[in-house]
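Colleague: The lines below spell out each chain.
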Amino acid sequence: EAGVTQFPSHSVIEKGQTVTLRCDPISGHDNLYWYRRVMGKEIKFLLHFVKESKQDESGMPNNRFLAERTGGTYSTLKVQPAELEDSGVYFCASSQSLRASTDTQYFGPGTRLTVL
Amino acid sequence: RKEVEQDPGPFNVPEGATVAFNCTYSNSASQSFFWYRQDCRKEPKLLMSVYSSGNEDGRFTAQLNRASQYISLLIRDSKLSDSATYLCVVNRYNFNKFYFGSGTKLNVKP
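Sequence lines, in order, name chains A and B. For the first sequence, the working numbering gives the first residue as 1, with consecutive numbering after it. For the second sequence, the working numbering gives the first residue as 1001, with consecutive numbering after it.
Warning: the hint list may mix true and false statements.
[To be verified] Have a look at the derived ranges for each label pair, beta carbon to beta carbon: (1) G1054/B to P81/A: 34 to 40 Å; (2) T104/A to Y1070/B: 37 to 43 Å; (3) K1002/B to N62/A: 35 to 41 Å; (4) P8/A to E1056/B: 38 to 44 Å; (5) R22/A to E1015/B: 37 to 43 Å.
Calculated from the structure, these hints are not laboratory results. Note that the structure is predicted; figures quoted are calculated from it, not measured. All C-beta atoms in this analysis are idealised placements derived from N, C-alpha and C, irrespective of residue type, glycine included.
Same shape as in the complex, but just chain A (with noise of 0.2 Å):
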């Protein structure tokens, strides 16, 4: 079974450039999950998808990223414009069931994404 994917696997760009990141998840899954690390710092929630409805966007940093789920199936993840402290590696996850708190989550490979 294939696992989380994700793309590009590093992306680098200028401030104020557009990014938009992709995420496939597990075949079935129907929750999804963003997650970014800030070098130096943990990896910290952005948002979770339940299908294709927003369950929480409590992590979203500012109103420069936008996440959609289109059909619940991938899942992209823009940012716009890009500023240099969003440097930092995102990760995607996904898990099964409709018990999602007690759901393990499995991570894609990330995106590293570097601003200049």
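Position chain B against the provided structure of chain A, taking the given hints into account.
Modeller: Frame of chain A; chain B shown alone:
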């Protein structure tokens, strides 16, 4: 105060040693507990869930102390391949977001 606190290490141990990591969490509403392992520049991977009764998987033993709000991971007979960063993760009841510790780095030396 951070949700989850871990000693960053590094813990440098010889092969065959037993090593233990602790982690504390601040919110008593925390419901689910996990240890994830993360290799350099890779994604976190589930090592084991942590249950109230404690659980063991081969050389790995996890314990939960709800009264003191800490979680432990014991690794026996360390292997070179155990070298990684170990992430303590908690999840609150009815919340679906993981709270991560900053990780404890383990180096197992020959």
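Colleague: If a hint holds in the structure, say so; if it does not, say that too.
Modeller: So, going through the hints one by one against the coordinates:
At about 49 Å, the CB distance of G1054/B to P81/A disagrees with the hint of 34 to 40 Å. Judged by the Cβ atoms, the range 37 to 43 Å given for T104/A and Y1070/B is violated: they are separated by roughly 21 Å. Here the CB-CB span from K1002/B to N62/A is close to 22 Å, at odds with the stated 35 to 41 Å. A C-beta distance of roughly 40 Å is found between P8/A and E1056/B, which places it inside the suggested range of 38 to 44 Å.
Between R22/A and E1015/B the C-beta distance comes to about 41 Å, which sits within the given range of 37 to 43 Å.
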